[in-house]
Amino acid sequence: MKMPHNAFKAALTQNEPQYGIWAGFATGYASEIVAGLGYDWMLIDGEHAPNTVPSILAQLQAVAPYSTAPVVRAVTGDAVLIKQLLDVGVQTLMVPMVESAEQARALVHAMRYPPHGIRGVGGGLTRATRWDAVPDYLNTAHEELCLIVQVESRKGVENVEAIAAVEGVHAVFIGPADLSTGLGHINNPSHPQVQEKIRHAVEATLAAGKICGILAPAEDDARRYLSWGCQFVAVGIDISLLRQAAQANLARYRDTPNAPAPSRTY
Numbered sequence: 001m002k003m004p005h006n007a008f009k010a011a012l013t014q015n016e017p018q019y020g021i022w023a024g025f026a027t028g029y030a031s032e033i034v035a036g037l038g039y040d041w042m043l044i045d046g047e048h049a050p051n052t053v054p055s056i057l058a059q060l061q062a063v064a065p066y067s068t069a070p071v072v073r074a075v076t077g078d079a080v081l082i083k084q085l086l087d088v089g090v091q092t093l094m095v096p097m098v099e100s101a102e103q104a105r106a107l108v109h110a111m112r113y114p115p116h117g118i119r120g121v122g123g124g125l126t127r128a129t130r131w132d133a134v135p136d137y138l139n140t141a142h143e144e145l146c147l148i149v150q151v152e153s154r155k156g157v158e159n160v161e162a163i164a165a166v167e168g169v170h171a172v173f174i175g176p177a178d179l180s181t182g183l184g185h186i187n188n189p190s191h192p193q194v195q196e197k198i199r200h201a202v203e204a205t206l207a208a209g210k211i212c213g214i215l216a217p218a219e220d221d222a223r224r225y226l227s228w229g230c231q232f233v234a235v236g237i238d239i240s241l242l243r244q245a246a247q248a249n250l251a252r253y254r255d256t257p258n259a260p261a262p263s264r265t266y
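Residue numbers for the sequence shown follow this note's numbering, beginning at 1 and rising by one.
No wet-lab data here; the hints were simulated from the structure.
Be aware that one or more of the hints could be misleading.
Said to hold, decoys possible - For lysine-lysine, the following DSSO-like pairs were computed, each having C-alpha atoms within a straight-line distance of at most 30 Å:
(1) K155 with K9
(2) K155 with K2
(3) K9 with K83
Quantities reported herein were computed from a predicted structural model and do not represent experimental measurements.
Kindly generate the complete structure, drawing on both the sequences and the hints.
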């Protein structure tokens, strides 16, 4: 059996925009719906969504038949958690709040087997090896693994050149919400100071020869960040899209006197 192919990592080499969507419902059922919509990638969120390793596994299994590539965000860069996530089959891992090159190097080591890292060997116990069916997994696993580090604080931006330069870091992902909050502009990523820091992080990442991504649900923001050089952009959040659509649907009836009852389509 061949090593499972990492379509997301391969796509990053094509120099084409990759449009993603945040998956926050923490269930395989909802993630499968999102995976069938045609986005290039989806972020299974283990930081702010109520996910555990088993629920992430269930979502990886649910979206496996689809072309949308799963990216998993861990709640922390803890090496033991990273080991578990990789063992259940995560190939593209995003780690939040990376603020130094030392931290980035530790994440690289957590994703690699000795002598190049500290990842423990699970062998036939792990989905990643297809239960020992992938030949020479220990020596080749790194070829299909992709590490994305999040830069989303003042300190992270100050150190972004060094972070992006770390060998084994494949991409840098900018978090505008945390960055704007940390800079004293709560809920205002559009503030000029925040935008200046974002552009600096993008340019530093590209100068290091790495790929840059960002979360930008607002279309104007997404297009601006793409023009700055971001290659993979999350342009929607499933929870927000549901809420917005449900609100708009209800408003059609609440705001219209004597509105007809909706037709039944089920």
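Going through the hints against the structure:
Distance hint between K155 and K9 is fulfilled; the C-alpha atoms sit about 27 Å from each other, no more than 30 Å. Straight-line distance between C-alpha atoms of K155 and K2 comes to about 41 Å, which puts the hinted pair past the 30 Å bound. Among the hinted pairs, K9 with K83 is consistent with the structure: their alpha-carbon atoms are about 19 Å apart, no more than 30 Å.
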